[in-house]
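K.L.:
Spelled out, the chains give:
Protein chains: 2
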Amino acid sequence: MRWFALILCLLSVMSYADNHKTSTAEKPMPTQIAPLAHQVYFWLKNPDSKEDQAKLIEGIKTLAAIEQVRGIHIGVPASTEKRDVVDNSYAVSELLFFDNAADEHAYQIHPIHKAFVDNYSHLWSKVVVYDSVSVK
Amino acid sequence: MRWFALILCLLSVMSYADNHKTSTAEKPMPTQIAPLAHQVYFWLKNPDSKEDQAKLIEGIKTLAAIEQVRGIHIGVPASTEKRDVVDNSYAVSELLFFDNAADEHAYQIHPIHKAFVDNYSHLWSKVVVYDSVSVK
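Keeping their order, the protein sequence lines are chains A and B. Per our numbering, the first sequence starts with residue 43, numbered consecutively. Per our numbering, the second sequence starts with residue 43, numbered consecutively.
It should be emphasised that the hints constitute simulated quantities derived from the structure, not laboratory data. Here the structure is a predicted model, which means the values were calculated and not measured. A few of these clues could be false.
It does not matter which identical chain is used: a pair holds within one copy or between any two.
[To be verified] Below, in silico cross-link-like pairs of lysine-lysine (DSBU-like), each with a Cα-Cα straight-line distance of 35 angstroms or less:
1) K92 - K178
2) K103 - K168
3) K156 - K87
4) K178 - K87
5) K156 - K168
6) K103 - K124
7) K97 - K178
With the hints as constraints, model all of the structure from the sequences given.
P.N.:
Okay, here's the thing in structure tokens:
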């Protein structure tokens, strides 16, 4: 029984150490963000319509259910300092992370993504996309 | 001793369960990505220079040391499908996450960021920045 207790004690310590290690993942740093960032900016047909902005955000939220999506950040222009280089003319931003380009393609042809385009594309006048793959 | 073993056993199970819970943070989803995304795209003065691209990436990597930075993704155009809406003309992308606009401002005036601009801005011809704050 002493050996049994000792082994359990060791397992507790190992499990705690492993837990402590992964908990730092809560602040994502380079290795914890999936390599492919799909960054999309939307301009609305009715730029001042808070209702259309909210509808589009509602639509983008549905994309999180697509299995290839590894992370999602849906945003609106932040109240950071106005500078010449900062473009805050868009209405909604969508940032999705994928493991690779094949997964991004699977997302593009996924029924949920197709339904999103069908149901919400009437809201936007312009879309700009940047697909970036992380460097080591 | 039996009670001791039983308590250790319970601790093992609890620790394992907690570990299992936090390990899902390795795939960052909305709540695990800091709210403010600072998305920057750089075009080089010498667009075909792989050397200048590598130098700029080296410079951007120094920004990860700034204490307010909650996440970083440094990228180059991905080999996703070419579409009219996709802009892959930039050379390097930089995506930084912050807790709020005050932290982003602290980053802007941080000596490491100022040194980055001083030492690497001769490489780029154009910069476009999008600052997005996540929606609930």
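K.L.:
Please go over all the hints and tell whether each is borne out by the structure.
P.N.:
Evaluated hints:
Only between protomers do K92 and K178 lie at most 35 angstroms apart by alpha-carbon distance; the minimum there is 15 angstroms, versus 40 angstroms within a single protomer. When the C-alpha separation of K103 and K168 is checked against a cutoff of 35 angstroms, the pair qualifies both within a copy, at 19 angstroms, and between copies, at 32 angstroms. Taking the shortest Cα distances, K156 and K87 sit within 35 angstroms of each other inside one copy (20 angstroms), while across copies they are farther apart (38 angstroms). With identical chains, the CA atoms of K178 and K87 are at most 35 angstroms apart between copies only, with a shortest distance of 23 angstroms across copies and 39 angstroms within one.
In this assembly of identical chains, K156 and K168 lie within 35 angstroms of each other by CA distance both inside one copy and across copies; the values are 17 angstroms within and 34 angstroms between. Proximity of K103 to K124 under the C-alpha cut-off of 35 angstroms is found in both arrangements, the shortest distances being 28 angstroms within a copy and 25 angstroms between copies. Taking the shortest alpha-carbon separations for K97 and K178, only the inter-copy value of 13 angstroms comes in at or below 35 angstroms, while the best intra-copy value is 38 angstroms.
Of the numbered hints stated above, none is contradicted by the structure.
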